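Build the full structure now, drawing on both the sequences and the hints.
Going by UniProt numbering, the letters in the sequence shown line up with residues 1 to 380, in that order.
Calculated from the structure, these hints are not laboratory results.
Given the structure is predicted, the values throughout are model-derived calculations rather than measurements.
Note that CB positions come from ideal geometry on N, CA and C, so glycine has one too.
Among the clues, some could well be false.
Using 20 Å as the maximum straight-line C-alpha spacing, the simulated SDA-like pairs for lysine to any residue come out as follows [stated by the list, open to error]:
hint, residue 1, residue 2
1, 333, 348
2, 189, 249
3, 196, 238
4, 189, 225
5, 164, 348
6, 252, 233
7, 81, 31
8, 278, 236
9, 81, 30
10, 278, 225
11, 189, 255
12, 258, 43
13, 196, 102
14, 164, 361
15, 81, 64
16, 252, 238
17, 64, 95
18, 222, 250
19, 360, 342
20, 258, 248
21, 222, 204
22, 154, 258
Here are the in silico distance ranges between beta carbons for each label pair [unchecked claim]:
hint, residue 1, residue 2, range
23, 106, 242, 47 to 53 Å
24, 66, 333, 32 to 38 Å
25, 242, 58, 40 to 46 Å
26, 68, 45, 39 to 45 Å
27, 195, 343, 21 to 27 Å
28, 106, 187, 52 to 58 Å
29, 65, 219, 45 to 51 Å
30, 41, 356, 35 to 41 Å
31, 45, 108, 55 to 61 Å
32, 219, 71, 46 to 52 Å
33, 65, 187, 46 to 52 Å
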Amino acid sequence: MRIGITCYPTHGGSGVVATELGKLLAERGHAIHFITYDMPFRLGRFHQNICYHGVEANRYAVFKYPPYDLALASRMAQVAKIYQLDLLHVHYAVPHAIAAVLAKQMVGDHLKVVTTLHGTDITVLGEDPSLRDIICFGIRNSDAVTAVSDSLVKQTYDLFCVDKPIERIYNFVDTRVYYPRDVSSLREKYVDPGEKLLLHISNFRPVKRPEDVIFIFNRVQKEIPCRLLLVGEGPEMPKIIEQVEKLGIASKVIFLGKQDEVSQLISLADLLLLPSEKESFGLVALEAMACGVPVIASNTGGLPEVVEHGRTGFLADVGAVEEMAGYAVRLLKDEALHQSFVRAGIERVRQHFSGEQIAKQYEDLYDQVVHGSAGGSADG
1 MRIGITCYPT HGGSGVVATE LGKLLAERGH AIHFITYDMP FRLGRFHQNI
51 CYHGVEANRY AVFKYPPYDL ALASRMAQVA KIYQLDLLHV HYAVPHAIAA
101 VLAKQMVGDH LKVVTTLHGT DITVLGEDPS LRDIICFGIR NSDAVTAVSD
151 SLVKQTYDLF CVDKPIERIY NFVDTRVYYP RDVSSLREKY VDPGEKLLLH
201 ISNFRPVKRP EDVIFIFNRV QKEIPCRLLL VGEGPEMPKI IEQVEKLGIA
251 SKVIFLGKQD EVSQLISLAD LLLLPSEKES FGLVALEAMA CGVPVIASNT
301 GGLPEVVEHG RTGFLADVGA VEEMAGYAVR LLKDEALHQS FVRAGIERVR
351 QHFSGEQIAK QYEDLYDQVV HGSAGGSADG
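Below, the structure is given as structure tokens:
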């Protein structure tokens, strides 16, 4: 099959999933064409069956803002015609689904559109009245729509008056990349013998509640010798640095900034902290479990579909930092319990969230859209 994929190519869970999906589909013999404004950062080296097509918005003086959505639609149509694409798989409703629908109108109904909702396009942009109608338009005019969790499917139906079938297809990890690694020599650079290592990875925005991460760690480090590894950057970082200094724990907190390849770093940790206010899925929790790292997270959004409470991690209400800290202390003090969580997390990923399983689900959906009927609008 000939498949065009459009995503946000820079850091972010949706771009990671879209890129990794494209790579897996290419391995399975499909011709993959990434169409976006920059090379997806997870694409990296040359991959057989994968092409990248850049999009550049016209900066003609009459435009106050370069019309990226129109440039994207035009580029999609161009690539679809030249390479005879069967479908466009777009990640995010705006502007990608809108551009894909427009490209389909330019090329013809034989070009199908599959839209995957990742969360922010629904839970944040969907609350903006000025965008609601156009998001609905993109969803309704896609040939098939997927969402990355049951929670997000429900939120989409609750926020939008759409009767479009939405299929839940989970995010995934490539277990050839995310697995428990022997990183003992690297770990020595971050912790002393006998110390535990806690980890938080995010874009350090308010919705991730990074200040709760520091509160939890401060509470844990009073009972257990440990350090905290922070990976990522974002607008809340200055507050975090100030908070760490005020608490007098600067020597125990390690700031690593943005990192493209995190699988090895995750394997360093004994525990992942993810006290987010919202998570439509929680990809970093899945990556941690795959690497044998239990998770302490908020009981919100799609996280309960990823983290099995009391078996692969612990969940608590948003803001319940004392409870989360108590769970962390319990896990780090009980080695047998910790190891049972490690094993259960690895097994859960392999059973429900492996790349091969999810790639097959998308292949089946593509086949229905192109050759049968999916989402109630494919005409074969």
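Structure-based check of all given hints:
{"no.": "1", "hint": "333 x 348", "verdict": "violated (23 Å)"}
{"no.": "2", "hint": "189 x 249", "verdict": "holds (18 Å)"}
{"no.": "3", "hint": "196 x 238", "verdict": "violated (25 Å)"}
{"no.": "4", "hint": "189 x 225", "verdict": "holds (16 Å)"}
{"no.": "5", "hint": "164 x 348", "verdict": "violated (30 Å)"}
{"no.": "6", "hint": "252 x 233", "verdict": "holds (18 Å)"}
{"no.": "7", "hint": "81 x 31", "verdict": "holds (14 Å)"}
{"no.": "8", "hint": "278 x 236", "verdict": "holds (16 Å)"}
{"no.": "9", "hint": "81 x 30", "verdict": "holds (17 Å)"}
{"no.": "10", "hint": "278 x 225", "verdict": "violated (30 Å)"}
{"no.": "11", "hint": "189 x 255", "verdict": "holds (13 Å)"}
{"no.": "12", "hint": "258 x 43", "verdict": "holds (17 Å)"}
{"no.": "13", "hint": "196 x 102", "verdict": "violated (53 Å)"}
{"no.": "14", "hint": "164 x 361", "verdict": "holds (19 Å)"}
{"no.": "15", "hint": "81 x 64", "verdict": "violated (30 Å)"}
{"no.": "16", "hint": "252 x 238", "verdict": "holds (17 Å)"}
{"no.": "17", "hint": "64 x 95", "verdict": "holds (18 Å)"}
{"no.": "18", "hint": "222 x 250", "verdict": "holds (14 Å)"}
{"no.": "19", "hint": "360 x 342", "verdict": "violated (27 Å)"}
{"no.": "20", "hint": "258 x 248", "verdict": "violated (24 Å)"}
{"no.": "21", "hint": "222 x 204", "verdict": "violated (24 Å)"}
{"no.": "22", "hint": "154 x 258", "verdict": "violated (32 Å)"}
{"no.": "23", "hint": "106 x 242: 47 to 53 Å", "verdict": "holds (52 Å)"}
{"no.": "24", "hint": "66 x 333: 32 to 38 Å", "verdict": "violated (55 Å)"}
{"no.": "25", "hint": "242 x 58: 40 to 46 Å", "verdict": "holds (43 Å)"}
{"no.": "26", "hint": "68 x 45: 39 to 45 Å", "verdict": "violated (27 Å)"}
{"no.": "27", "hint": "195 x 343: 21 to 27 Å", "verdict": "holds (23 Å)"}
{"no.": "28", "hint": "106 x 187: 52 to 58 Å", "verdict": "holds (54 Å)"}
{"no.": "29", "hint": "65 x 219: 45 to 51 Å", "verdict": "holds (46 Å)"}
{"no.": "30", "hint": "41 x 356: 35 to 41 Å", "verdict": "violated (23 Å)"}
{"no.": "31", "hint": "45 x 108: 55 to 61 Å", "verdict": "violated (35 Å)"}
{"no.": "32", "hint": "219 x 71: 46 to 52 Å", "verdict": "holds (50 Å)"}
{"no.": "33", "hint": "65 x 187: 46 to 52 Å", "verdict": "holds (47 Å)"}
In this structure, the hints that do not hold are numbers 1, 3, 5, 10, 13, 15, 19, 20, 21, 22, 24, 26, 30 and 31, in rising order.
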